[in-house]
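Asker: As a plain string of letters, each chain reads:
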Amino acid sequence: MSEQSQVALEVTGLAKSFGATRALRSCSLRLLAGEVHALMGENGSGKSTLVKILTGVHAPDSGGYRVGGRAVRLGGPAAAIAAGVMAVYQEVLVVGPRSVLENVWLGADGVFRRKISEADKRERAAAVLGELLGEAPDLDTPVEQLSLSDRQACGIARALVREPRVLILDEATSALDVATRDRLFEAIARHKAAGMAVLFVSHRMDEVDAISDRVSVLRSGESVATLEAEDATTAELVRLMTGAEHLTDIPEGGAMAHRTGPAADAPVLLRVRGLRLRPDADPVDFELRAGEMVGLAGLEGHGQDAFIKALWHGPAGEGSVTRVEVGGESEIRSEQRAAAAGIGYVPRDRRGEALFGTLSIRENFSAATQDKDTRFGLLSRASALGRFAEYRSGLKVRMGRESDPITTLSGGNQQKVVIARWLARRPDVLLLNDPTRGVDIGAKRDIYALLDELTARGVAVVMLSTEVDEHIELMDRVLVFREGSHSTTLDRRSLTRQSLVAAFFGRTVTSSVAGSASPDGDS
Amino acid sequence: SKKSSDSTSAGSDSSSSSCGTVPAAKYNDTAGLIKALGSDYTAAYSGYSGTVRKSAWANWEGKKSGTITVGISESQLVNPYQTLINTALQKYLKAQGYKVIDLVSTNEVTNQISQFNQLITDKVDLIIYQPLAAGFESVVDKAAKAGIPSISVLNNVADANTVNVVPNAFAAGEAQAAALAKSMGGKGTILGVHGIKGVPIDTDTFKGAKAALAECSGMTLDDSIYTDFSPTTAQTKVQQYLAANPTKTIGGVLEGGPMTTGIISAFQKSNVTVAPVADNGLTKGGVAYWAANQSSYKGVGLYNPADGLAQAVTQVAKHMLDGDGVKASDIVINPPLVTSDNLSKFSKSSFKTGDASTITVGDVGQTFAETSYIDGFFGS
Amino acid sequence: MNALDFLRGLLGKRPYAFAGLLALLLLVVNTALQPAFLAFGNWAAVLASFAPLAVAAMASTPAILSGGGGIDISIGPLLTLIDIVIVANLLPNGLTSPFVVIPVCLAIGAAIGAVNGALVAVLRFQPVVATLCANIVIGGLATQVQGDTVPSGSTSWTKDLAGSFGPVPGALLTIGAPLLIWWALSRTPFVKALYAVGGDDATAFSAGVNVPKVRIAAYSLGGLYAGIAGIALMSLISEGAASMSAQYTLLAIAAVALGGTSLAGGRGSLLGSLLGAAGIYLINNLLNVVRVSTLWSTAIYGAMLLFAVVVGAVLTNARRRAVA
Amino acid sequence: MTTESAVADPTTGGGGVPLLHTLNEWQRRVPLLQLLALAALYIYGLSTIEGFGSQRVLYAILVNASLLGLAGAGQTIVVLVGGIDFSIAAFISAGNVIIAELCGTDHWSTGAAVAVALAVGVVGGLVNGVLSYRFKVEPLIVTLGVSALLSGLVLKWINGSATGVAPAWLGKLTAANGTTFGIGIPPVVVIWAVVAIVIGLVLTRTRAGRNLYLTGVNQPAARLALVRVNRTWIYAYIASAVLATCVGILLAGYSGSGNVTIGDPYLFQSLAAVIVGGTMFGGRGDYWRTVLGALVLSVVALLLSANQLSSAAQDMITGGLILVVVGLYGRERRLRDRI
Ligand SMILES: Nc1ncnc2c1ncn2[C@@H]1O[C@H](COP(=O)(O)OP(=O)(O)OP(=O)(O)O)[C@@H](O)[C@H]1O
Ligand SMILES: Nc1ncnc2c1ncn2[C@@H]1O[C@H](COP(=O)(O)OP(=O)(O)OP(=O)(O)O)[C@@H](O)[C@H]1O
Ligand SMILES: [Mg+2]
Ligand SMILES: [Mg+2]
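Listed in order, the protein sequences are those of chains A, B, C and D.
Each number in our numbering corresponds to the 1-based position in the first sequence with 97 added.
Each number in our numbering corresponds to the 1-based position in the second sequence with 13 added.
Each number in our numbering corresponds to the 1-based position in the third sequence with 16 added.
Each number in our numbering corresponds to the 1-based position in the fourth sequence with 87 added.
No lab work stands behind these hints: they were computed from the structure.
Glycine included, C-beta positions come from ideal geometry on N, C-alpha and C.
Treat the hints with care, since some could be wrong.
Short, incomplete list of chain C residues facing chain D, as computed with Cβ under 7 Å [what the hints assert, rightly or not]:
#	residue
1	V145
2	V153
3	G318
Please work from the sequences and hints to get the whole structure.
Answerer: Pasting the structure below:
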C-alpha cells in the first residue's frame, strides 16, 4: 500500500459510552482513498457504534475526526453526507410504502427546496440499480413489495447515487443474495478505482478475503490492529478479535469435519408430501430424520423461505406436512400445532419477527416457554433465570444484567437470545431461518457446536442460510431451491462452493464467490 | 317592579332592607312592544338578555288549509329534559292535527344546521328548533325567504325572522338568589355551581343572581366552580371544594342548571350539613330531599317543566299557523318560584332522593305558562 | 368476480378510493331519496355545513401522516379558539377585513401547530401526550377569550363564505384552500419527505432528512388548516363557544381513518380525509333524509360507521394480503 | 504493516455516570419520578392550603382518584396491548344507566342488573376486539363506532331519558364518609386498592399479562412465540369494556341516578391518567403507574379547586402540569438510538 495514498477519513482515539456500556474505548482508524478497508470484530465490539459516529448519528464522547485532512464536527447524518461520508447500516433501512425511486433519493433534496431534477433522479437510480440488480425494478413500485435482498439493494443504491467520498457498508451484504452481492462487489471495484474509500464491516471471511485491501480489527471498543489483506488469515483475525489463542486451531475442512450425518436407521420425524410453494412450481417431497442437519439454499426468493415457513405453520396451498412421532402422525396446520408437536422455529427478521424491543433480556428469552416458569399461576422470575443461565454460557451471550432491555445488546447477542428462546422449548425438530446473520465468527462457532450437540442427541435441524460456507461446513445435505421448486440436493460429499453456487443458477459450471472480485463474464 | 308582594316584609336584622327583594332590571324593548302588553308582561322580561323586535311574522297569514307539516330540529337527546321537550312537542303538535317531522342532531352545530336545511328542503310549514348555539341567523333567514317561520325553543336567536320562546333565566336567577338571601337572613356565603361557561342559561341565571345579591351587603357569592351541567361532575367538584375549603361555611348554593341531587350528595358525603340549594329546574330528588327535611332544610326552587315549555311552544305555533300574527320576536316566560310555602303543590311521595330528572306538568299538574299570557302576544 | 377484482385492485393502490366510493354511493342514495338535495340552490348551504368537518379532517391529516404515533387531538379546540378569536376579538374591534382576519387566523393556527410539532419533534413527547395537553390548554384559552357570554358576530364576507360569492358557494373556498395548499406543497419535496418520515423516521434520518423540521412543518400545516376550519365554522354559525371544543377532534380523526389513511403514519392522503369526512357527513344526512325515528339515529350512525370501515377493510386488506 | 495495541479487559460496564445510570435503571422498574411528582404536589398543597392534610381532603382525593383510576384500568390494558379504546365513556354510561333503570325503574334485583351490565360490557368489548383484530381496522375508529352504537342503543332503550335511581347501598360504596367493614375508609378506595393489586399482579406476574406485553411490543414476534395474539387482543378489549362498565355501576351509586352522558368526562381524563402514569403505547408501563397518574391528577384537581381559579386558568394549568410531569420521564427515544 502506497504511503502517498490520500487519506480520505481519519479518526483517532474515539470513545463512546451508552450509560454504563462503553461501546468504544479508544478507536483509531485511517481510511485511504481508493481502498476497501474491512472492519472486523466480535459482536458488540463496537463496529456499528464506530460507523454511527463516522456518519454523525452519534456524537463521540472524545476523539478526533478528520475528513480529507480537515477536522470536522458532525451535527447529524445530513452533515456527514454533505462531507461525503455515507453508510448503509446493519438493519435494512427503507421506507416500505414509498417507491423505489423515492427510497433511492431519500434525503437528497431539502425539505422545501428541490436540488435534483426528477429526470436526473430516474436516470441515475435506474443506472445504479441496474448495476446492482442486473435489471432495475420498476422505480414506482413500493419498496415493501420487493424481496429483502432487493430492498437492501435500494438502501445501497441510496448511498451510491450520492457518490460519496467514503462509503461504509455495515454488514450490508448479509441481506443480499449471492448474485446481487457479486454485482455489488464489481461495482465497488469500479468505484474504488475512481478513488472512493470503502469501509466494509462483515462477519464473513470469504467476503473479506474477496474484496478488502486492508483489515482492521476491533476488540471491546478498541482498535487492536490493521493488517494488509495478505496477512489477514482467518486464524490471525480470530486471534486478534478474541484476544485468545484457543480458537485458532480450527481443523482442516472446518470445525464440523467430524460430522457423519444421521444413523441409517434414524427415525423420520417430519414428512412433506406434494408441497407446492407456487401454483406453477413442482411439488416438493421431503423427509427429515432424527439427528440430521439439512440446509436450505438458493437465490433470494426462490422458495426456500416459503418452504421453511410451511414446515412451521403448515402448507399455504397444496400438499401436507406431517410430524411423525412414536405415538402416531399429526398434520401440521398451524404454528400452535407445530409447537405442540415439538417443532421450534427461529424467524429470520430479527427486528420484525423476534425481538420485543422494550422488554428485558429475560422476558425476551422466556417468551415462548412461559408455561415452564409458572408457579401457582404466577410467573417465576427465578425459574426463567435458572433456565437462561444454561444457554447464556453455552451460547456465550455477552450482556449486562438479565433485566436490561434486549436493545442494549449488540445484534449478534440479540440473535443468540432469540435462538435460546427456542432451544429452551427443547424441540425435536428445530427450524432455523438464517440464524447466523450478523453473528460473529466466534459466536457462529458456538452456535455450530450447539447444533452439533443437539443433532447428536437426535434433534433434527432444518436451517435456511444465505451463507455458502455455512452449508459447506455444517450440513449433512443441502436442498437447493430454484423458481419455487426443489431443484437439487447436494450431500456432504458433493458439497463445494462451486457446486452449490452453480446449483443456485441451475447450472453445473461455476462462478465462485472467491472469484467474484474478478468478474468472469456471466450476466 | 317587585316579583312578590311580600318581599318588602323581609326586614331581617343586620342586612339592608332591600336584601331578599327582586330588583327590576332593564331589557331591550326599544319599540316598546312589551310595554304595550302591560305590566304582567314587563315583569316577566326583567333583565332578559335578548332583544325584543317586531316579528317578521306579525302579518303572516299562516296556513289554514290542507295538511300542515311542522318540522322539529332537536339538539342531541341526552338528558331527560330535552327528551321530554321533544316527545311532548310531538304529542301536542299531533294533537292539533299537524304532521310532524322530527329530527335530532348530534352535538355538533353543523349537523343541526344541515338538519335545519333539510327541513327547508322538505318545505315544511313551520320549523321548531332547539338550537345548540345561537348561530342560526343565516338558516333562519333562508327559511324565511322560503316563507317558513321558525320558533326557537330555550335558547334565543337574535333575528326577527324567528320567534324565541324562552324562560327568563335572568329573572329566575334573581328570584332564586333573593329567596335564598332571605332565608339566610341576608348574610353568609353562597356557593355558585356553574354549568358550562358562556352557555346563555347559565350566564343569565348568574347575572340575575348577582343583581339580586347586590342588594345584600352581608353576602358573598363564591362562584368558581364550573361543571358540564351534569350532577355527577357537580358532585365531584363540590366535594373537592368542601374538602379544600374546610374553614368556609356555605349558607346556600346557586346553580346554573338542574344539578341539585349531585350537590346535596356532595354535602352529605363530605359530612357537611346540607346547605339549601336553589333547585334551578326543580329536580325530583331535590324536592324529595327538601320535603323530607323541611324542618332543617330551607330550600328554594324554580319550576321549569319541559312539557310545560312544549305546551307553550305548541300554543305559539298554533297561533302563528292560524294566522293570528305574533307581535314580538321574543316570547319570554317567567318560571314560577317554589318556596317552602308552596312546596306541597310540587311534591309527591313517589319522588325519590337522588333522582336527577326534573319535575314535569305531568307529574304535578301545575301550570307553567298561563294560556292567557301566551294569547296576549297574538292578535291585533 | 372481475368487477370485484378490479375494485380490489383500485382500493389496494388508492386507499382513498373506498371512501370515494362510499361518498359517491351515499350521495346517490341521498339524491335518489330526495332530488332537491343536489339542486344547485342547495349546494352553498350543504357545502357550508360540511366545511368545518371537512377542513378539520384535513387538518388532522399531516400530523398523522408524519408517523411516530403522530396525531393531533388539539385540532378541535384550536379551530374553536380561532372561531372565538374572530367573533370576540377581531370583529368587535373593527378588524373585519378578510385581509386582516384570514392572515391572523392562519398565523395563530400555524403557530400553535408549530408548538405542538416542536413538543413532538424536538422535546420528544409522544404526540398523544403533547396534543392532549395542548387540547386542554387551548380549551382553557378558548374559555378565557370567550369571556362570560358567548360572543357572536359576522361580516359580509363571512356571510358569503357560509353562503355564496355570486354563483360560487363560499365553502368551496374553505374546502378548496387546504387542497390547493397541499397541491402547491406537493410541487416541493416536502410532501414526499413527509411520507418518508411517516413511513420510517429512522431511515429518513439516516439518509439525511431533517426529520424534526418535517414534523414541525407537518403540525404547523395542520394548525394552519385548523385556522381555515375555524374561519369556516365561524362563518357558518357566527358565534364562538368554548364548549364546542370537543366536537370535532375525534370525528375528524375518524374521517381520516375512513379515508384510508393509516394512523401508523406514512400512508394515506389529504383527499382521503376529505372523502372520509364526506362519508360521515352524508351518513348523518341520510339519517335526516329518511327520517329515522330520532331515538335510533345515534345507534344507526354507529352501526353504519362500523359497517363502512369493515367493508372497506375487507376490500382493501384482501388486496394487501395478495400483494404481500 | 501491522499495528497492534494492548487491550483492556473485554467486558462492558464500568465508567460512565454510575449514579445517573442507577437512577435510570430504577426509574425503568419503579415509577420513581411519578412518586416524586405526587409527593411534591401534595407537599405543595400542605404548605399553601390550610387543612390540606385533613382526612376530608385525603378522602376527597382518594375517592376521585379511585373512580378515575378504575376508569383508566381498562385503557391501561388496551394501551399496553397496542390499541386504544375510545368507547370507555359509552361503556361507563351504559353501566350507569342499566343499573339505574333496571334497579330503580324496573325493580330488578341488583345482582341481575349487574349481570346484565357486565354482559353488555363483555359483548361490547368483544365487538371492539374482534372488529379491530379480525379486519385490521384502526381501533380508534372501531371504538368510536361501537361507542356511537352503544350509546344509541341505550338511548333508544330508555327512550331518551334516564329516570331510574340507583339502589342506596351502592351509593355508600363511593361516599367519602363511607366505611368498609366498620373501618373509616371509603369502600371505593378499598375496592380500587384490591383491583389495583389484582390487575398489577396479572399484568406483571401472569402469563395472560405477559402475553399482553408481548403482543403490544411486537405482534408478529408474539405470534411466532406462540402467544395467542388474537385472544390476547380480544380479551384486552373485553377487560377494558367490562372495567368501564363497572365504573359506570359505581357511578350510578355515586350520583344516585342514571345519566347517559355520565361517562363523557372520563374519556380524556382516563387517558390522561394513563399518560401521566407513564404507560406508553405498545408494551411500556403497568397499572401501578396509572394508579399514580390518577392520584396526581386528583391532587392537581383539588389544588386548583382550593385556589379558586377560573375554569380557563384551571384548564391551562392542568395541561401545562401534565406536560411538565410527563416530560420528566415519558419521552420518546432519540431518533439516533433507533437506527
Ligand atoms: N444506543 C445504544 N444504547 C445503549 N447501548 C448501545 C447502543 N448502541 C450500542 N450499544 C452497545 O454498545 C456495544 C457495541 O455495540 P455495536 O452495535 O457497536 O456492536 P457491533 O460491533 O456492531 O456488534 P455486531 O457485530 O453484533 O453488530 C454493545 O454492547 C451494545 O449493546
Ligand atoms: N390476554 C389474555 N387475557 C386473559 N387470559 C388469557 C390471555 N391469554 C391467555 N389467557 C388464558 O391464559 C391461559 C394460558 O393461555 P394459552 O393460550 O397460552 O394456553 P395454553 O396453556 O397454551 O392452552 P392450550 O393447551 O389450549 O394451547 C389460558 O387459560 C388462556 O385462556
Ligand atoms: Mg453491528
Ligand atoms: Mg398451548
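Asker: Mind checking the CB of G318(C) against every CB in chain D and telling me if the closest is under 7 Å?
Answerer: holds, 3 Å
Asker: So, as I understand it, the hint says V153(C) touches chain D; can you test that by seeing if any CB pair is closer than 7 Å?
Answerer: With a closest approach of 4 Å, the V153(C) hint holds.
Asker: Per the CB criterion, is V145(C) less than 7 Å away from chain D?
Answerer: Holds, about 5 Å.
Of the hints listed earlier, there is not a single one the structure fails to meet.
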